[in-house]
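**Q** Residue numbers (my numbering), protein chains in the order written: chain A, 1 to 242; chain B, 1 to 457.
Please keep in mind that the hints were generated in silico from the structure rather than gathered at the bench. Hints are supplied without guarantee of correctness; some may be wrong.
[What the hints assert, rightly or not] If you anchor each label on the Cβ, the simulated ranges turn out as follows:
no., chain 1, residue 1, chain 2, residue 2, range
1, A, T29, B, R139, 57 to 63 angstroms
2, B, L27, A, G24, 36 to 42 angstroms
3, A, E229, B, E236, 51 to 57 angstroms
4, B, A86, A, A30, 22 to 28 angstroms
5, A, E219, B, P199, 56 to 62 angstroms
6, B, A86, A, T75, 44 to 50 angstroms
7, B, V171, A, A215, 45 to 51 angstroms
8, A, A215, B, S434, 53 to 59 angstroms
9, A, G92, B, S79, 19 to 25 angstroms
10, B, E154, A, E229, 40 to 46 angstroms
11, B, E154, A, A30, 34 to 40 angstroms
12, B, P115, A, N32, 41 to 47 angstroms
13, A, A40, B, L27, 50 to 56 angstroms
14, A, T29, B, G132, 47 to 53 angstroms
[To be verified] Examples of chain B residues lying across from chain A (beta carbon under 10 angstroms, computed):
no., residue
15, H369
16, Q411
17, D412
The model shown is predicted, which means the values in this text are computed figures rather than measured ones. Where a beta carbon is used, it is the ideal one built from N, C-alpha and C, also for glycine.
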Amino acid sequence: MTTTDPWETLRAATRARVGLGRAGDGLSTAENLRLAAAHAQARDAVHTPLDADAVLAALGERAGPVVRSQVADRTEYLQRPDLGRRLADDHGLEPGSYDLAVVVADGLSATAVHEHAAGVVEALLPRLDGWSVAPVVVAEQARVALGDEIAAALGASMVLVLIGERPGMSAPDSLGAYLTFGPRPGRVDSERNCVSNIRPPDGLTYEAAAEVLAALLTESFRRQLSGVELKDTGAALPPAAG
Amino acid sequence: MSWTTTLGGHSYTFGDLRELLARATPLRSGDVLAGVAAASAAERVAAQTVLADLPLAHFLDEAVVPYEDDDVTRLIMDSHDADAFAPVRSLTVGGFRDWLLSWEADTATLSALAPGLTPEMVAAASKLMRVGDLVAVARKTRVVTGLRTTIGLEGRLATRLQPNHPTDDAVGITASLVDGLLHGAGDAVVGINPATDRPSTVLALLELVDDARRRLDAPIQSCVLTHVTTTLELLEQGAPVDLVFQSVAGTQAANRGFGVTLDQLREAHSAASELRRGTVGSNVTYFETGQGSALSADAHHGVDEQTLEARAYAVSRAFDPLLVNTVVGFIGPEYLYDGKQILRAGLEDHLCGKLLGVPMGVDVCYTNHAEADADDTDTLLLTLGAAGCAFVITVPGGDDIMLNYQSLSFQDVLQVRQTLGLRPAPEFEAWLGSVGLLDDAGRVPQLVPEPIRALMA
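Working from the sequences, and respecting the hints, build out all of it.
**A** In structure tokens form, the structure reads like this:
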């Protein structure tokens with residue numbers, strides 16, 4: 001038995017909820033409330049509707065059209081990923097010819113999009129000197145693969161989807177970025193590259209994410225491919241921080 | 001073969017066995033997503049009514065995935081024990097459900113029956129059961145296995161201690177390992193999901209837990225849940241591998257999606273067996289499964305997710321596992337939408353695994369985008385405790401910081417052990433007592449014994 005706190009060193013090495021203490025056999029009131037609060041934040045992030053107007057305003061002159069998937073509401077979104085990958089028929093996207101389409105999508109955390117999407121776009125696009133980039137599309141009730149249909153409708157050679165990731169207990173606002181060369185319906189996940197955990201200050205900063213994304217996009221365009229094979233070029237992805 | 005029945009003035013036709021099973025399955029999102037679910041509540045009951053009258057022996061004549069195309073079907077059909085099946089051969093599915101509930105079907109009878117049952121038979125019967133039935137039948141079904149501890153004994157509930165860390169940091173993993181041991185967790189296995197499949201990292205984690213085991217002189221087995229090919233490679237290098245792990249599913253195509261074949265599992269089972277690292281038993285494999293895994297791999301052949309899950313237990317039982325668990329709420333709301341669906345699926349999986357002779361545990365868990373919370377995991381844990389579940393998964397505070405989902409906390413298990421009068425695995429229980437972590441009332445006091453304190457330095 002001991003009186004000093006043997007947990008001092010160990011707690012510093014992990015975010016795991018170690019050494020919580022107990023009430024009898026169960027968790028204490030304080031710990032139960034801490035866990036409930038973390039879960040509540042994550043749940044609210046999943047169910048907060050995307051504020052498309054606010055996202056458009058934050059994007060400023062880069063803002064483009066707002067589109068929806070074939071999903072009717074959040075309940076359906078969570079159960080029918082297939083419909084979240086299909087564009088609603090009345091999308092009104094104008095066909096053109098672009099190197100890159102950028103899609104800002106709610107995914108599983110509109111909170112992440114509200115907080116970080118415009119910041120990433122702002123940091124990234126100035127690094128893509130000479131690229132023709134379509135006006136940024138904002139997509140509601142969207143899965144990553146919705147970007148394939150959007151880019152195909154716009155006539156873009158590549159698509160970058162900035163999307164809210166599944167909220168964790170300590171990260172309700174994490175943004176992911178998925179790039180796909182030659183986007184079209186039917187692309188699979190192994191044909192994409194991903195930079196995840198964009199959420200300053202705990203995760204990747206906008207500048208760090210933009211640096212990696214610009215390098216990946218440039219290499220992808222040069223080699224005319226994306227996905228597993230692109231990783232082999234040595235375009236190093238930073239380890240997921242935090 | 002096809003079946004037609006009428007219910008409430010409507011006629012319903014089911015074109016083949018897999019369609020009948022799918023339509024008879026209690027509602028879950030994954031079957032809707034796959035397009036195989038009943039279109040209405042009435043159609044579901046119509047299918048259940050037809051299924052109840054289906055002779056159990058029909059499952060030996062009609063496969064849900066063609067024999068020629070699928071090695072899991074071949075494994076099921078070729079290993080079926082007709083003698084063991086004899087006591088229930090003449091029953092219908094509904095009659096089989098009644099018989100399972102009967103006093104005649106006692107623990108010894110059910111153990112002897114296991115090799116005579118196919119996954120499709122037990123899945124079918126479970127579709128006709130309510131939660132109370134799923135618990136009552138599972139409670140009298142027993143599967144006992146062992147390595148350094150004995151798993152599955154009556155009145156025991158073991159735990160996997162899951163000390164994951166997002167960067168496989170040795171100190172971080174030690175922190176969670178120590179926390180679990182201080183709460184009396186780890187008697188099923190100390191099992192780490194590594195962040196990377198790199199063999200050198202996996203080896204370091206194996207050595208970390210093996211070193212702790214020897215320093216504590218504790219009866220625990222360890223496992224790093226990496227791909228079977230990585231474990232095979234490490235076995236050849238002489239790494240301290242107690243258990244070979246692999247995720248498995250109920251079709252050959254889904255297993256291909258996991259990058260695994262039955263031959264690889266045979267090879268790994270045999271290599272780990274040769275090490276003879278056990279003290280009270282010789283079961284050296286560990287499998288994880290979960291409803292929806294075949295669908296997510298686009299390898300479901302139009303079969304409902306619960307029937308396919310039961311087929312994964314047929315894969316598991318071919319390799320004499322120490323532990324098998326369904327990761328029931330992990331895969332997401334597109335497969336099991338809410339707490340109600342997760343509760344039922346966990347109890348179905350548990351029963352089906354045990355009836356097939358598999359030492360069944362459950363990862364009682366949910367993700368943040370499922371309609372579920374800690375009340376739902378408490379309910380499933382309590383019902384599984386009543387059902388005689390072999391083991392559950394535990395992580396610090398119920399929050400897995402590597403896999404980003406919520407499972408059970410160590411405290412959750414202490415509480416349910418007290419509520420239901422359940423105890424840890426006997427060898428581990430004795431060790432807890434020897435270091436002062438178990439009092440006369442079977443409770444785990446809050447203190448740090450010297451050997452564990454030394455690990456923390």
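**Q** Do the Cβ positions of A:A215 and B:S434 conform to the proposed distance bound of 53 to 59 angstroms?
**A** Holds, at about 57 angstroms.
**Q** Quick check: does the Cβ-Cβ distance between B:V171 and A:A215 fall within 45 to 51 angstroms?
**A** 33 angstroms, violated
**Q** Tell me if the interface restraint on B:Q411 is satisfied: Cβ within less than 10 angstroms of some Cβ in chain A.
**A** Result: holds, 5 angstroms to nearest chain A Cβ.
**Q** Lying within 56 to 62 angstroms: is that true of the beta-carbon distance A:E219 to B:P199?
**A** 28 angstroms, violated
**Q** Taking the CB of A:T29 and the CB of B:G132, does the distance hold inside 47 to 53 angstroms?
**A** Given range 47 to 53 angstroms: violated, Cβ gap about 33 angstroms.
**Q** Hint says 34 to 40 angstroms; check whether the CB-CB distance for B:E154 and A:A30 agrees.
**A** 37 angstroms, holds
**Q** Going by Cβ atoms only, is B:H369 closer than 10 angstroms to chain A?
**A** 5 angstroms, holds
**Q** For the restraint on B:D412, tell me whether the closest CB of chain A is nearer than 10 angstroms.
**A** 8 angstroms, holds
**Q** Does the Cβ distance between B:L27 and A:G24 fall inside 36 to 42 angstroms?
**A** 38 angstroms, holds
**Q** Between A:A40 and B:L27, is the Cβ distance one that fits in 50 to 56 angstroms?
**A** 27 angstroms, violated
**Q** Does 57 to 63 angstroms hold as the CB distance between A:T29 and B:R139, or does it fail?
**A** Violated, at about 33 angstroms.
**Q** Confirm or reject the claim that B:A86 and A:A30 have a C-beta distance inside 22 to 28 angstroms.
**A** The hint (22 to 28 angstroms, Cβ to Cβ) is violated, given that B:A86 and A:A30 are roughly 59 angstroms apart.
In summary, the structure is inconsistent with hints 1, 3, 4, 5, 7, 9, 10, 13, 14 from the numbered list given earlier, while agreeing with the others.
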